[in-house]
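Protein chains: 2
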Amino acid sequence: MNIGFIGLGGMGQPMAEHLLAAGHTLTVWARRPASADFLLERGARWAESPAAMARACEIVCTNVTGSADVESLAAQLITALKPGSVHLDFSTIAPQAARELSRRYAEKGVDFVDAPVSGGTAGARAATLAIMWGGKSALAERLDPLFACLGKTIVHAGASGAGQVAKACNQLVMVAAIEATAEAARLAAAAGVDFAKVRQALQGGSAGSRVLEFFGAKMAARDFAPGVVARLHHKDFVMVMAEATRQGVPLPVGATVMQQLDGLMAAGWGTEDTSRLLCVLERARPAHLI
Amino acid sequence: MNIGFIGLGGMGQPMAEHLLAAGHTLTVWARRPASADFLLERGARWAESPAAMARACEIVCTNVTGSADVESLAAQLITALKPGSVHLDFSTIAPQAARELSRRYAEKGVDFVDAPVSGGTAGARAATLAIMWGGKSALAERLDPLFACLGKTIVHAGASGAGQVAKACNQLVMVAAIEATAEAARLAAAAGVDFAKVRQALQGGSAGSRVLEFFGAKMAARDFAPGVVARLHHKDFVMVMAEATRQGVPLPVGATVMQQLDGLMAAGWGTEDTSRLLCVLERARPAHLI
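The listed protein sequences correspond, in order, to chains H and R. If you count the first sequence from 1, position 9 lands on 17 in this note's numbering, and the numbers rise without skipping. If you count the second sequence from 1, position 31 lands on 39 in this note's numbering, and the numbers rise without skipping.
Okay, chain H solo, but in the shape it has when bound (with noise of 0.2 Å):
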């Protein structure tokens, strides 16, 4: 198939790598174009502008970082695509804008599909990735092989938005791991227990999960240099709760982890890792130990 594909950081290089690799005809287009360097020396065509990328492929990926990026992208694509030809995008967006960019493709016979991933950039290297994806199912037929390229689990959750809906519960399911994972971390401390025969006990447990496999050792190790940098989960946690508070519904334990996600932020730690949350907790000394 041609395929296009847009925003190659972490995560998109190696998925469009693997779309290569698949024999799929790859034409990419970059802000700084010295980012596609290492796919056009594997043999991807370059494309002057994402409408001349449009112009050329029926289906073209998007993985940017939020709503604004990917809005303005689909401006410039929605008046070259050609009708039955699909804006494929992985960005993690708010559902209302996936929703809003479907209906208003719908109007010039294009789909867009929403199809948020999960498991960072060492997934998106062994594509082994998590895919949730929202759009007519009808879709599922042009969509599953490139879908296979990329990832091990892949979910057709329902509708346009609903695979960002399925994005929103991921980041409030991991993320309040994490901050699950400090708090225990700061108790054990506290203590005097050590946190790292702590992490080794639970995750033997009930207790067990990839967060404490992965975040609760960084914390053991007191190593706060990036995976996902914090402010893209502080981003993607602004976009759960203003999709809480559409529906309509309370998330108390959600609540309370953008507080912590803010109070990272407001300690100028957001371009490191997430774990960083433990570092907001032992800033809160009681008063009768300062």
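Check before you lean on any hint, since a few could be wrong.
Same chains, same label: a pair holds when it works inside one copy or across any pair of copies.
No farther apart than 27 Å at their CA atoms in a straight line, the calculated lysine-lysine pairs in the DSS-like style are these [stated by the list, open to error]:
| # | residue 1 | residue 2 |
| --- | --- | --- |
| 1 | K205 | K160 |
| 2 | K226 | K160 |
| 3 | K144 | K116 |
| 4 | K90 | K160 |
| 5 | K90 | K243 |
| 6 | K90 | K116 |
If you are wondering where the hints come from, they were derived from the structure by calculation, not from laboratory data.
With the hints as your guide, set chain R onto chain H.
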């Protein structure tokens, strides 16, 4: 070894059975003698009282509900246990209660070991529990062969009380994950997305966990029959928050989860599964939907 066991509930009975099957001489006592029948039929001996058991055994195990239950048994055991013997407590009790029991026993030359477990009745039956213990490290030589009959992950967390601190961390992380999963299920439902699909997607990515596997499935199926009854998680969480106050550390997500567990208890769901936290969220309907 001559081992005593008190507390033959859903966890204790299979644990005692594994010790018996491993060839140890097992002596049991129970408030309701009928609960010992299963083990007596398989060769266990009956003690007329906890004190009689203490006189006959070099290690007395207990697996009861809370701090008060262990303290009440300890009051009967302490005068009868010989110097050099061990009271090995698998219950989940307050770290501070474990520290104090250890001090009191030490005056008699007896070791008190806190060894709470994680993994539920399924883990107890399969002998795959995580066991996190606190006490003198020199005891490992005598205790490790027993632990090996019961669990797969054995961690010496530190001095007396450290096992209970690890268990407090375990309950904090686990119940926070149940609450976050409930919030995700509520958000998905409100947004018209099938939570069973969301859960499947999440389990394949960075948010994957044992809680999502077990409690997520129960929420998706709206099956609120217990696993562990919620009032036990509530009881454990009261101890988590008490230890946090004692150590002077803030647990913002912990405090929020405590509130939701209080809501669950107030709704009369204490004898059902903790996945009922979903229903606590469902009760809080925003004004514009009522």
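Hint check results:
1. In this assembly of identical chains, K205 and K160 lie within 27 Å of each other by CA distance solely across copies; the values are 15 Å between and 32 Å within a copy.
2. With identical chains, the CA atoms of K226 and K160 are at most 27 Å apart both within one copy (25 Å) and between copies (24 Å).
3. In this homomeric assembly, K144 and K116 come within 27 Å of each other (Cα to Cα) only inside a single copy, at 15 Å, whereas the closest approach across copies is 73 Å.
4. Taking the shortest Cα distances, K90 and K160 never come within 27 Å of each other, neither inside one copy (30 Å) nor across copies (58 Å).
5. Proximity of K90 to K243 under the C-alpha cut-off of 27 Å is found in neither arrangement, the shortest distances being 32 Å within a copy and 61 Å between copies.
6. For the identical chains of this complex, K90 and K116 are intra-copy neighbours only, at 8 Å inside a copy versus 85 Å across copies, given an alpha-carbon limit of 27 Å.
Violated hints, listed in ascending order, are 4, 5; each of the other numbered hints is respected by the structure.
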